[in-house]
Amino acid sequence: MDFESPTPGRLLKAPENFLDADGVRQVFAEAKAGRRDFIRKAFAAAGAAVAAPLVAAQSNPVPAAGGDPNILTLPEHSRSLGQGVGVEPYGQPSKFEANVQRRQSPGLSQTTQASVAFAPLQSLFGIVTPSGLHFERHHQGWYDIDPSKHRLMVHADDAALLKKPQVFTMDELMRLPSVSRFHFVECGANTSMEWANTAVPTVQYTHGMLSCSEFTGVPLRTVLEMCGADMKRGRFVLAESADGSGMTRTIPMSLIESGEVLLAWGQNGEMLRPAQGYPLRLVVPGVQGVSWVKYLRRIKVGDMPFAAKDEVLGYADLMPDGQQRQYTSTMEVKSVVTTPSGGQVLLDKGFYNISGLAWSGRGKVRKVDVSVDGGRNWRPARLETPVLSKCLTRFNLDWVWDGRPALVQSRATDDTGQVQATYRQLRAVRGTRSIYHNSAIQTWLVEANGEVKNVQLS
Amino acid sequence: MSSSRKLAAAVAALCVAGAAWAAAPGTPVFEGLGRAATPAEIAAWNIDVRPDFKGLPKGSGSVAKGQDVWEAKCASCHGIFGESGQFFSPLVGGTTQDDIKTGHAARLTDSGYPGRTAMMKLSTVSTLWDFIHRAMPWNAPKSLSTEEVYAVTAFLLNLAGVLPDDFVLSDRNIAEVQQRLPNRNGMTTMHAMWPGPELGGTTRPDVQGSNCMKDCGTEPKVASFLPDFARNSHGNLAEQNRLVGPQRGVDTTRPSGAAPASPAGATAVVALAAPPALALLQRNGCLVCHGVDTKIVGPAFRDVAGKHGARADAVPYLSGKIKAGGSGVWGAIPMPAQPLSAQDAQAIAQWIADGAKK
Chain A
869 MDFESPTPGR LLKAPENFLD ADGVRQVFAE AKAGRRDFIR KAFAAAGAAV
919 AAPLVAAQSN PVPAAGGDPN ILTLPEHSRS LGQGVGVEPY GQPSKFEANV
969 QRRQSPGLSQ TTQASVAFAP LQSLFGIVTP SGLHFERHHQ GWYDIDPSKH
1019 RLMVHADDAA LLKKPQVFTM DELMRLPSVS RFHFVECGAN TSMEWANTAV
1069 PTVQYTHGML SCSEFTGVPL RTVLEMCGAD MKRGRFVLAE SADGSGMTRT
1119 IPMSLIESGE VLLAWGQNGE MLRPAQGYPL RLVVPGVQGV SWVKYLRRIK
1169 VGDMPFAAKD EVLGYADLMP DGQQRQYTST MEVKSVVTTP SGGQVLLDKG
1219 FYNISGLAWS GRGKVRKVDV SVDGGRNWRP ARLETPVLSK CLTRFNLDWV
1269 WDGRPALVQS RATDDTGQVQ ATYRQLRAVR GTRSIYHNSA IQTWLVEANG
1319 EVKNVQLS
Chain B
9 MSSSRKLAAA VAALCVAGAA WAAAPGTPVF EGLGRAATPA EIAAWNIDVR
59 PDFKGLPKGS GSVAKGQDVW EAKCASCHGI FGESGQFFSP LVGGTTQDDI
109 KTGHAARLTD SGYPGRTAMM KLSTVSTLWD FIHRAMPWNA PKSLSTEEVY
159 AVTAFLLNLA GVLPDDFVLS DRNIAEVQQR LPNRNGMTTM HAMWPGPELG
209 GTTRPDVQGS NCMKDCGTEP KVASFLPDFA RNSHGNLAEQ NRLVGPQRGV
259 DTTRPSGAAP ASPAGATAVV ALAAPPALAL LQRNGCLVCH GVDTKIVGPA
309 FRDVAGKHGA RADAVPYLSG KIKAGGSGVW GAIPMPAQPL SAQDAQAIAQ
359 WIADGAKK
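Chains A and B supply the protein sequences, listed in that same order.
The opening residue of the first sequence carries number 869 in our numbering; numbering runs sequentially from there.
The opening residue of the second sequence carries number 9 in our numbering; numbering runs sequentially from there.
So that you can see chain A by itself, here it is in the shape it has in the complex:
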């Protein structure tokens, strides 16, 4: 694209300032006259007249009447008694936040039980995903399981691999010494729709099979030691769910030995949500979400990988030579700008805080660079604390938008030194039909009119 011919953006006025000077004067006059319902009518009238664009040099100018009616006319909530405690025993978001929802991508799947609802990354702050907005991926529908009837079995086919096969109730597991840790979980198929070309409009759909929570549970290592597992001979652990899909995945013993893999019941201070596996799920930091087996009922120690259904017919990455990479588990270094991002419109020229998320399944994020010219030039972004291993890291960068088209990108480097690749670099090795593990650099085009679009560069 051409950056040399500056075409100033057509500026879009901010919603707060849609009253013209006459309107503002009228608000004041009416307010003085004591007609409180007038403001509501004035808003409605201004809403109807919005099609005529105003060019505002500043996004929040002083109205001609000498002040903002939102300041000068005290609102109802400043002049009356608010609601009491206990109205909402379990608190809900503001009604003005109703647009912030998990959503399905139309046409992605033909059933809702084997499908995905994406997290609204464009509307989230910091690194923690509110539990009610955590992305959903089910293979055969979700359940709300009675925790008093849920059991975990730990065993092996061979007494030499595990001496004492055991059964645990939730009560027993929750008496064990627990830890609480922040980790991201990303579906192996996150960004899969974009391998060959741009396919979906917003970061919710391109990257929304990604969430991050504080998980509480007991290290699986502790429980395997209780059962007398031989972690030298048994290098592979099968985790199995209790739902209809009977999800099974082979878990690397190397991660279990490190103490990172958890039998988790807690998520962000409360129990897991049913859609996230209540009452018990496996947490496998750095590994794709399918291995974080929900409704976990069984742990089996083995001496070879299990070739489970979701390790053969799904979650194997097709390479250009026709071979499928099996047991691909680690989620590699990746980042994305969440604001501004696809499907949004910038309200005006001027200062913006470019903000996004970076993560790596191999450790900590070391560095994030941001480009606004499609990768020609990069500036290092600020990494906000905490920067934790196998956890989302929030980054920010100052940016003054001059109204010209911009191509916004982010590029993360993890503490193993791996740098996030471009689509061109990734496709040169893995082609476009791998489905899984698309960790390419994302590009957002900011058009002169402020509209942001999902694009891919050549």
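Some hints here could point you the wrong way.
[As the list claims (entries may be wrong)] Within a straight-line C-alpha distance of at most 27 Å, the following computed DSS-like cross-link-like pairs (lysine-lysine) qualify:
no.	chain 1	residue 1	chain 2	residue 2
1	B	Lys315	B	Lys365
2	B	Lys62	A	Lys1031
3	B	Lys150	A	Lys1017
4	A	Lys1232	B	Lys222
5	B	Lys62	B	Lys109
6	A	Lys1235	B	Lys229
7	B	Lys366	A	Lys963
8	A	Lys1100	B	Lys62
9	A	Lys1235	B	Lys222
10	B	Lys150	B	Lys365
11	B	Lys229	A	Lys1217
12	B	Lys150	A	Lys1217
13	A	Lys1032	B	Lys62
Derived from the structure by calculation, the hints contain no laboratory data.
Use these hints to put chain B onto chain A, whose structure you have.
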């Protein structure tokens, strides 16, 4: 007991507890937690089948028997020949007799070939057996007998040209069948995405980005973007963004460059409530095969309402059909019996009788 003796006893008890605490320094004993799993319990849950067929129950099933089971319990979703891509990826197709010789599904290299069937991807026959056994049928997993699982596995392999019509698959010959799988040599573990040396993969990632910070590469060109006709394909994006903050969602009901999302922001808030019957249909998987006003595998609910809604016994008739399943009224493909509660079946039947309104 005098109070001083009580105290002494309590102290003694404490010392015993303390001794137990200290007995195993560094190795917690977690006294009282967990109990031995019984052989019956392990047998009930230990259902996985490995590539070396450890875990495979003794038994057998014929291709012919598999066809009967298939048509009754599987074809409504997967198609009579396992070819349907209507709800799930097609199961059969895309493999050749030559693939059976080489062990590579050659069409996996052909990006022009539409779709990737299960048979093209399948590298271990144990996986197919295990999948059917643990997760099928879709709405009644783990309900097939051992013989039925062998039979359906055999039938699918017969459809794929791997097994002859008169074959009886069993625990004794399944290892030989493995040697005929079209894509048995199609998997590799030569990659860096398994954390550990067990699978003989690589330690260095296969793709590495660039560290360049200034004047990198050539002038960027936009090569791919969403066409204008797809602008509203994910719904109005103005309703999918917060109403306050640095940006708004684009009003995708208008062409690009038109005015922004309605500034009287609250009007963009989405209505989310759906009629309760639709939630029941969703929850019970009915919408997999029936649309409210479109035919899918089975008839549209609106059409069922038109045909049966006026009967005096519409609610008991329809709830009975939902529970028991049936065939012949709307075509040859049978509807399997549905394992939903009588209460749900009745609520759905009532909704249909009332005209199946959205």
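**Item:** Given hint A/Lys1031 paired with B/Lys62 - CA-CA distance at most 27 Å
**Value:** Answer holds: B/Lys62 to A/Lys1031 is near 19 Å, not above 27 Å.
**Asked** Is it true that the CA of B/Lys315 sits at most 27 Å from the CA of B/Lys365?
**Response** holds, 15 Å
**Prompt:** Taken at face value, is the distance from the CA of A/Lys1217 to the CA of B/Lys229 at most 27 Å?
**Reply:** holds, 24 Å
**Asked** Under the criterion that the straight-line Cα-Cα distance not exceed 27 Å, is the pair A/Lys1235, B/Lys229 satisfied?
**Response** holds, 26 Å
**Asked** Keeping to a limit of 27 Å between CA atoms, is the pair of B/Lys366 and A/Lys963 held or broken?
**Response** Measuring from Cα to Cα gives roughly 25 Å; hence the hint holds.
**Request:** Given the hint that B/Lys150 pairs with A/Lys1017, test it: the Cα-Cα distance must not exceed 27 Å.
**Result:** holds, 19 Å
**Prompt:** Is B/Lys150 within 27 Å of A/Lys1217, Cα to Cα?
**Reply:** The hint is violated at about 60 Å.
**Message:** Check whether the Cα positions of A/Lys1032 and B/Lys62 lie no farther apart than 27 Å.
**Reply:** holds, 20 Å
**Prompt:** Taken at face value, is the distance from the CA of B/Lys222 to the CA of A/Lys1232 at most 27 Å?
**Reply:** Since the Cα atoms of A/Lys1232 and B/Lys222 sit roughly 25 Å apart, the hinted pair holds (cutoff 27 Å).
**Message:** With the threshold set at 27 Å, check whether the alpha-carbon distance from B/Lys62 to B/Lys109 stays at or below it.
**Reply:** Within the cut-off at roughly 26 Å; holds.
**Message:** A/Lys1100 and B/Lys62 were given as a pair; does the straight-line alpha-carbon distance stay at or below 27 Å?
**Reply:** Judged against 27 Å, a Cα distance of about 20 Å means the pair holds.
**Message:** Given the hinted pair A/Lys1235 and B/Lys222, is their Cα-Cα distance within 27 Å?
**Reply:** At roughly 16 Å apart (the allowed maximum being 27 Å), B/Lys222 and A/Lys1235 satisfy the hint.
In summary, the numbered hints that this structure violates are 10 and 12.
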